[in-house]
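Listed below, chain by chain, are the residues.
Protein chains: 2
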Amino acid sequence: MRSDIYIHHYELVSRFGLNSRSDRTRHKGVLIKIGDGVGCIHPWRELGDPSLEELIEDLRKGRFFRPLVRSAIKCAMVDGRARSQGVSVFDKVEVPRSHATIVGGSERIEEAVAAGFEVVKMKAGRRVAEEVELLNAMHERYPNLRWRLDFNNVLDGGGIRSFIKSLSDGLRAKIDFLEDPCEANDRDWAGIRSLYGIPLAVDRKVEEARGQFTYAIAKPALDDITPLCARAMIEGWELVFTSYMDHPIGQCYAAWCSGKVEKRFYGLEDPVAGLMTHGLFEPDAFIERMGDPSPQWQSPGGTGFGFDDLLEDVKWEKLK
Amino acid sequence: MRSDIYIHHYELVSRFGLNSRSDRTRHKGVLIKIGDGVGCIHPWRELGDPSLEELIEDLRKGRFFRPLVRSAIKCAMVDGRARSQGVSVFDKVEVPRSHATIVGGSERIEEAVAAGFEVVKMKAGRRVAEEVELLNAMHERYPNLRWRLDFNNVLDGGGIRSFIKSLSDGLRAKIDFLEDPCEANDRDWAGIRSLYGIPLAVDRKVEEARGQFTYAIAKPALDDITPLCARAMIEGWELVFTSYMDHPIGQCYAAWCSGKVEKRFYGLEDPVAGLMTHGLFEPDAFIERMGDPSPQWQSPGGTGFGFDDLLEDVKWEKLK
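Read top to bottom, the protein sequences are chains A and B.
Each residue of the first sequence is one higher than the one before, starting from 30 at the first, in my numbering.
Each residue of the second sequence is one higher than the one before, starting from 30 at the first, in my numbering.
Calculated from the structure, these hints are not laboratory results.
A portion of the hints provided could be inaccurate.
[As the list claims (entries may be wrong)] For lysine-lysine, the following DSSO-like pairs were computed, each having C-alpha atoms within a straight-line distance of at most 27 Å: (1) B:Lys-289 to A:Lys-292; (2) A:Lys-289 to B:Lys-292; (3) B:Lys-121 to B:Lys-289; (4) A:Lys-289 to B:Lys-234; (5) B:Lys-289 to B:Lys-234.
The following block holds chain A by itself, in its conformation from the complex (with noise of 0.2 Å):
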């Protein structure tokens, strides 16, 4: 008895581009199907990843072994298994409070303030002048709500220490963390771990950050998560769970992951993370689904990972 693989390209369309590292708003990746179980595919060749032709020609030929595939099938048989059972995947499973993670300006921040978000995760770094007006305006504004600021190491080491200074006391006191601040290799990087009394994050690069991070992105799309787990163990980091800016299969692939792992063994503090980010794109039915961006995550709903109606309309294409 096989199974076929079978394929389907999406396009998601952002509104502004989604990291420090380009103006792309347009974003393409597959859904996989094997049986009935889907999981997603959604390579950012800014970040590092592999094209999509060269994900998708792996799975043609088995490869299940680079990361950005390796997830896909894993989802894909988690989905799989709990739509034969004909149950949601989310039954019993607690997922954490989200940041909203917000590109654009001060509209965006309102809308978050006013859906109940906490904490409010924003790129910087690029246009640096208007992120500190915006920052010191909006912390004035909304004195209680707390932020993440993600460089995606455009800054150097200078860059980054003078960006800091233009902020308010009271605004730094109000950041969680600064996400890759500036390269590893940098001059200011040894011996840093926090800034100004700052805590760092590490997203892509926990190697090369030797250990001077006190939060690492734990990112189901990427990550083996048990391994993942043990390290953060060892080395006494906090885990931030977060999707990877993917198709909604794959954002509820990353919400679960993170509602499963057991942060009470490993010793993880289990901090705000970052599984709602289906708000950045131009609603399909998928992003529909999804319900409006909220800290508290909504299962939705169906069996597997849901959206059994959707997926019955999409048009699959057998991979081999």
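We have chain A already, so just place chain B on it with the hints.
Chain B in isolation, oriented as in the chain A frame:
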């Protein structure tokens, strides 16, 4: 809160060489411990694994992605979690029956039959005349006993054909499969899939084998199990779960993995497994705790993967 990694060097002593590529009888590995969770790393250099020293260095540096290290970490996390809950990992897990793994002659086979084994796995190909004689004689004595012959690629295409031809028809009908009968780049390999009606199995080189086999050997000590099961589902392989001829802790981990896999979901037939290998080694306290080898898996009891009292007496060395 940081956890340290501890290791403990062990040596298993076998009565004979344990694969067709070596006569080595002393086999070194390490137990690892993180928190209360235990795993083992047991490389087989003659089968292409990295050295124990390299793997320990990976462990020290937090590089948990090479297969033997990754699996030891996963084992330790499963084990630690169950120990922290005071439960055995084997509660409600149904481990499949196993073949007897035999090295040596008729006496071992007699023992296996007496212990209730219905299937015997033997290394073959190094002393062809002796092996053929033994097999034909044993088949006459035990006509219902089934066989699995593992050649570790030591013969060429011609050699394996002449081996099979020298077996009686009745015996051939009792062979479950021929494992790694010859190198996949042998000119006799293409289109082979079965040899005189006997299915083939492939252990390490599933890529090179280009689908010319019915059974793939699944080794939880090396394999990322979910992607492997997905691959089997897609390619129509059957999986034979086997231990790694490693420490009883690793043997238990393999047994647990094989019992946890939802074979029905993956469309797997759940053939007799190869999880009973501790009998190949001179007894020590851990091996004795596993009981006499028998086709039906016996949990060693205790919490996690068991051996609670024995692990208390292990001398652990802090890794960093």
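**OP:** Please name the hints from earlier in the document that this structure breaks, with their numbers sorted from lowest to highest.
**Re:** The structure conflicts with hint 4 only, although it agrees with all the remaining ones.
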